[in-house]
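There are 2 protein chains.
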Amino acid sequence: MSESISFLPFWDALTDSEKAAINHSVFIQKYEKGTVIHQYSGNCIGLNILQKGRARIFITSPEGDEITLCRLLEGEVCILSAACMIHNLNFDIDIAYEEDTESCIIPKDVFKAVSDTNPSVKDFTLGMVANNFSIIMDRFNQFAFSSMRNRLSNALLEHYRLEKSRTLHLTHDALARDLGTAREVVTRLLNQFQSEGLVCLSRGEITLLDPESLSLSS
Amino acid sequence: MSESISFLPFWDALTDSEKAAINHSVFIQKYEKGTVIHQYSGNCIGLNILQKGRARIFITSPEGDEITLCRLLEGEVCILSAACMIHNLNFDIDIAYEEDTESCIIPKDVFKAVSDTNPSVKDFTLGMVANNFSIIMDRFNQFAFSSMRNRLSNALLEHYRLEKSRTLHLTHDALARDLGTAREVVTRLLNQFQSEGLVCLSRGEITLLDPESLSLSS
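Going line by line, the protein sequences match chains Z and D.
Residue numbering for the first sequence follows full-length UniProt numbering, starting at 1 and increasing by one per position.
Residue numbering for the second sequence follows full-length UniProt numbering, starting at 1 and increasing by one per position.
Pulled out of the complex, with its shape left as it was, chain Z reads as follows (with noise of 0.2 Å):
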């Protein structure tokens, strides 16, 4: 049994067959960095929580613009790729990995026939939609009433989070498809950051001079 599982916040409450059941059937599927893989309904292969690595959950316009709506970390449960066994959850999102990642996967059916009878795994599961849906929330509010500054400020000081690093390894590209704009509107305000001494650019790097002042800034 991968320890990620007896983390998860049901399995306390799950019986001895249950919990064998799941034992019997979980598994790790890696993922080689920058793999994509667009999730639908239809193909989902279970309940997966996050190991090792990291990934981004983003959304894609017919015409390839793409929206960061979050990322999945360390120990994180990816809910939305276990949508096809919610009903009524029905929306498709694209997940890139941005680092070698490994996944424990509970396949769909023996998640499925244990949140029918178990209650608390029912609770964990609208838990773990409800929380979802109000970061997608968030996110929406933010895209349609915050000034592009400001979301540039928010996304350079949420790398600075997931890096713990001053030092983002960061292209111009990635941080538009972050933000759903394009890499011009990107590099002109980076270049206004980096007037106001807030940043310092060089190539393939961005250098936050100083986190606070961003924030203040923006």
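Bear in mind the hints are in silico, worked out from the structure with no lab data behind them.
Any given hint could be a false lead.
No copy labels: a pair is met if it fits in one copy or bridges any two.
Unchecked claim - Straight-line C-alpha distance at most 30 Å; calculated DSS-like pairs for lysine-lysine:
1) 164 with 112
2) 164 with 122
3) 33 with 52
4) 30 with 164
5) 30 with 52
6) 122 with 33
7) 112 with 30
8) 108 with 122
9) 19 with 164
10) 112 with 19
11) 19 with 30
12) 19 with 122
13) 122 with 30
14) 164 with 52
15) 122 with 112
16) 19 with 108
17) 164 with 33
Once you've looked at the hints, dock chain D against the given chain Z.
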């Protein structure tokens, strides 16, 4: 007992005592046309089933800009009004009653108690949350990736379906609030639609000359 309650999909799965608890506590709440309620996780009164009238669910920026997320019609349940009962569902919305409205309310404590003991009620809640999540993801996609012309056509066609008439009693302001844009933008596009023979504009009214072409033109 209100008839709307017995139409709820979980009704037949309730025990007699659960039915009795709901029957004793359910009440009708009236809202006058024009009433606006700010709904946050702290202030919900309970599960709201709209019996008569119409409501608009929207989000508001700190500057007062609005985007309409969806409309609530007769017979529909506003699960977002029940956010206080759903752990992890945590965001603010506004509800504007567009007509004199009567809602059937199951008080939050009663709904929560029934939901904690009856898995069918939890299934219902999960289904409603997932459904609303899907609707809002669709709206996010439209907002992020569709042209304003496209979004305006869709909004006109939505009002056409709501009013079941080609003549819409709608101000440019109201359309701007649906779309999260400025009134001037709506006016400019409507004039464009008029010059293309798609609509006819008069004081306080917009007549769709050919809904089919409007749908194709977007």
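Right, here's what the structure says about each hint:
Taking CA atoms no more than 30 Å apart as the test, residue 164 paired with residue 112 passes in neither setting, with 37 Å inside one copy and 41 Å between copies. Taking the shortest Cα distances, residue 164 and residue 122 never come within 30 Å of each other, neither inside one copy (35 Å) nor across copies (40 Å). For a Cα distance limit of 30 Å, the shortest separation of residue 33 from residue 52 inside one copy, 12 Å, qualifies, whereas the shortest one across copies, 53 Å, does not. Taking CA atoms no more than 30 Å apart as the test, residue 30 paired with residue 164 passes inside one copy only; the shortest distance there is 25 Å, against 53 Å between copies.
For the identical chains of this complex, residue 30 and residue 52 are intra-copy neighbours only, at 9 Å inside a copy versus 53 Å across copies, given an alpha-carbon limit of 30 Å. Taking the closest pair of Cα atoms, residue 122 and residue 33 never come within 30 Å of each other, the shortest separation being 32 Å inside a single copy and 38 Å across copies. Taking the closest pair of Cα atoms, residue 112 and residue 30 come within 30 Å of each other only inside a single copy of the chain (23 Å); across copies the shortest separation is 40 Å, beyond that limit. With identical chains, the CA atoms of residue 108 and residue 122 are at most 30 Å apart both within one copy (14 Å) and between copies (20 Å).
Taking the shortest Cα distances, residue 19 and residue 164 never come within 30 Å of each other, neither inside one copy (36 Å) nor across copies (54 Å). Taking CA atoms no more than 30 Å apart as the test, residue 112 paired with residue 19 passes in both settings, with 13 Å inside one copy and 28 Å between copies. For a Cα distance limit of 30 Å, the shortest separation of residue 19 from residue 30 inside one copy, 23 Å, qualifies, whereas the shortest one across copies, 49 Å, does not. In this assembly of identical chains, the alpha carbons of residue 19 and residue 122 lie at most 30 Å apart whether taken from the same copy (15 Å) or from different copies (22 Å).
For a Cα distance limit of 30 Å, the shortest separation of residue 122 from residue 30 inside one copy, 27 Å, qualifies, whereas the shortest one across copies, 34 Å, does not. When the C-alpha separation of residue 164 and residue 52 is checked against a cutoff of 30 Å, the pair qualifies only within one copy, where the shortest distance is 17 Å, while the shortest distance between copies is 54 Å. Within a single copy, residue 122 and residue 112 get their C-alpha atoms as close as 9 Å, and across copies as close as 15 Å, so both meet the 30 Å cut-off. When the C-alpha separation of residue 19 and residue 108 is checked against a cutoff of 30 Å, the pair qualifies only within one copy, where the shortest distance is 15 Å, while the shortest distance between copies is 34 Å.
For the homomeric pair residue 164 and residue 33, the shortest alpha-carbon distance inside one copy (20 Å) is at most 30 Å, but the shortest distance between copies (52 Å) is not.
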